[in-house]
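Trainee: Here is how the chains run, residue by residue.
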Amino acid sequence: MAVEIEETMLVRVQAEDFSVDEEINRVRARSTRIGGIATFLGTVRDRSKGRDVRLLTFEHYEGMAQKKLREIRERALQDFDVIEVLVLHRYGAIEIGENVVLIVVGAEHRADAFRACEWCIDELKKITPIWKLEETPEGDVWVEEHP
Amino acid sequence: MLSIKLFGMVKTLAQQQKELSLEFVDGQKVEDLVEVLRAQYPEIGELVLKKKVLISVNQEISHPDTVISTADEVALLPPFAGGSLEANSKGKMKNAKVSR
Numbered sequence: 001m002a003v004e005i006e007e008t009m010l011v012r013v014q015a016e017d018f019s020v021d022e023e024i025n026r027v028r029a030r031s032t033r034i035g036g037i038a039t040f041l042g043t044v045r046d047r048s049k050g051r052d053v054r055l056l057t058f059e060h061y062e063g064m065a066q067k068k069l070r071e072i073r074e075r076a077l078q079d080f081d082v083i084e085v086l087v088l089h090r091y092g093a094i095e096i097g098e099n100v101v102l103i104v105v106g107a108e109h110r111a112d113a114f115r116a117c118e119w120c121i122d123e124l125k126k127i128t129p130i131w132k133l134e135e136t137p138e139g140d141v142w143v144e145e146h147p
Numbered sequence: 001m002l003s004i005k006l007f008g009m010v011k012t013l014a015q016q017q018k019e020l021s022l023e024f025v026d027g028q029k030v031e032d033l034v035e036v037l038r039a040q041y042p043e044i045g046e047l048v049l050k051k052k053v054l055i056s057v058n059q060e061i062s063h064p065d066t067v068i069s070t071a072d073e074v075a076l077l078p079p080f081a082g083g084s085l086e087a088n089s090k091g092k093m094k095n096a097k098v099s100r
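Chains as they are written, first to last, in my numbering: chain R, 1 to 147; chain B, 1 to 100.
By construction, these hints were calculated from the structure, which means they are not laboratory data.
Each residue gets a CB set at the ideal place from its N, CA and C atoms; glycine is no exception.
Watch out, some of these pointers could steer you wrong.
Unchecked claim - List of simulated lysine-lysine pairs, DSSO-like, C-alpha gap at most 27 Å:
1. LYS29/B to LYS49/R
2. LYS125/R to LYS52/B
3. LYS29/B to LYS126/R
4. LYS50/B to LYS49/R
5. LYS50/B to LYS125/R
6. LYS18/B to LYS52/B
What the hints assert, rightly or not - Simulated coverage check for chain B against chain R, where a stretch passes if three residues somewhere in it have a Cβ under 8 Å from a Cβ of chain R:
7. 5-16
8. 23-29
As the list claims (entries may be wrong) - FRET-style restraints, in silico, Cβ to Cβ:
9. GLY27/B to ALA29/R: 28 to 38 Å
10. ASP21/R to MET1/B: 24 to 34 Å
11. LYS29/B to GLY63/R: 21 to 31 Å
12. ASP17/R to LYS18/B: 43 to 53 Å
13. ARG47/R to PRO64/B: 38 to 48 Å
14. THR70/B to ILE24/R: 41 to 51 Å
15. ASP26/B to LEU77/R: 36 to 46 Å
16. VAL67/B to GLU71/R: 18 to 28 Å
Isolated chain B, as found in the complex:
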């Protein structure tokens, strides 16, 4: 199993879960994780695919071919409060509405 930390609007999309646990084979890549997310959490998966949401591995922004071990610290990072990330300088995402 692979634990994935969630923040901000991604956490909202996952019904306020702080972490997801996904079936994941040690040594698969970030691009494989994207596919798992698309299958199980389509809304989040699409945002990751469009690079609106980035995946960090051990607190660094990952690339599609970054290899993941199930012991790694993996997180989904929505756009930061301050704006663009390295991989996300164009295109503004609509603000995610939160109902409570």
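Bound conformation, chain R alone:
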């Protein structure tokens, strides 16, 4: 059984929070051939480079961010032995502990799912035009890098 899913649901940049279960089910429903699903969930931490962080605000380049996430999904589907890939990133102000980014990869076997999932998040951080403003007690700081 294969359920048609629009690509727009599999690659999203959105302000709203998401349900990890719902997103996993979206991938799971893609094919009964899936035997393993790997996920990466990025959340907001309260400490960065020795500074306390109170709030993170993500800014994205509308259009280019979505384009780069689509490219990541397409390359993962092409280069790894996987069945479906979902890439989701939030923008706007996000509180400590909340969800920021989610990668879900469904494959026949776990090794391919793990590998593709790690590649997707690494690539996302390299090529996606998204910026992070940390609100700290010392002032607001634009961050270059996720450690």
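Once you have looked at the hints, place chain B on chain R.
Mentor: Frame of chain R; chain B shown alone:
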């Protein structure tokens, strides 16, 4: 005129403007735009010159000889939250402080 989208710390350096409008002749190259930026926005121009800030044309990272039409979508991209870009793997920029 050429409109240039600004993001992150570059927007901060431009007093929170989301877009710059620059005098620009159709068909000039990215390297010409860098010179215009250096003349009018020296701080931003220097970051572009050092490749800390990249220029995208129609949502793709440009090269110095990429030709720009004033109808193109041009943006200045500071280092992404996730770290290095294709053209920027070495050297960390000091975090840009924002006062408000």
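Trainee: All hints are to be evaluated individually against the structure, with a verdict given for each.
Mentor: Verification of the hints:
1. Of the supplied pair hints, the one linking LYS29/B and LYS49/R is violated, its CA atoms being roughly 38 Å apart against a limit of 27 Å.
2. Our distance criterion of 27 Å between C-alpha atoms is met by LYS125/R and LYS52/B, whose separation comes to about 16 Å.
3. With a C-alpha separation of about 25 Å, the suggested pairing of LYS29/B with LYS126/R holds against the 27 Å cut-off.
4. With a C-alpha separation of about 24 Å, the suggested pairing of LYS50/B with LYS49/R holds against the 27 Å cut-off.
5. For the suggested pair LYS50/B and LYS125/R, the alpha carbons sit about 21 Å apart, so the restraint of at most 27 Å is met.
6. For the hint linking LYS18/B to LYS52/B, the alpha-carbon distance of about 19 Å falls within 27 Å, and the restraint holds.
7. By the rule of at least three residues with a Cβ nearer than 8 Å to a Cβ of chain R, the coverage given for the segment 5-16 of chain B holds, with 5 such residues.
8. Counting residues of the segment 23-29 of chain B whose CB lies closer than 8 Å to any CB of chain R gives 0, so the stated coverage by that chain is violated, three being the minimum.
9. A C-beta distance of roughly 50 Å is found between GLY27/B and ALA29/R, which places it outside the suggested range of 28 to 38 Å.
10. At roughly 49 Å, the beta-carbon separation of ASP21/R and MET1/B lies outside the given 24 to 34 Å, and the hint is violated.
11. Range check, LYS29/B to GLY63/R: about 23 Å between beta-carbon atoms, so the 21 to 31 Å window is met.
12. Checking the proposed 43 to 53 Å range against ASP17/R and LYS18/B shows it is violated: the Cβ atoms sit about 26 Å from each other.
13. At about 39 Å, the beta-carbon gap between ARG47/R and PRO64/B stays in the expected band of 38 to 48 Å.
14. Separated by about 46 Å at the C-beta atoms, THR70/B and ILE24/R satisfy the suggested range of 41 to 51 Å.
15. In this structure, ASP26/B and LEU77/R meet the distance hint of 36 to 46 Å, their C-beta atoms being roughly 39 Å apart.
16. A C-beta distance of roughly 23 Å is found between VAL67/B and GLU71/R, which places it inside the suggested range of 18 to 28 Å.
The structure fails to meet hints 1, 8, 9, 10 and 12 from the earlier list, while all remaining hints are met.
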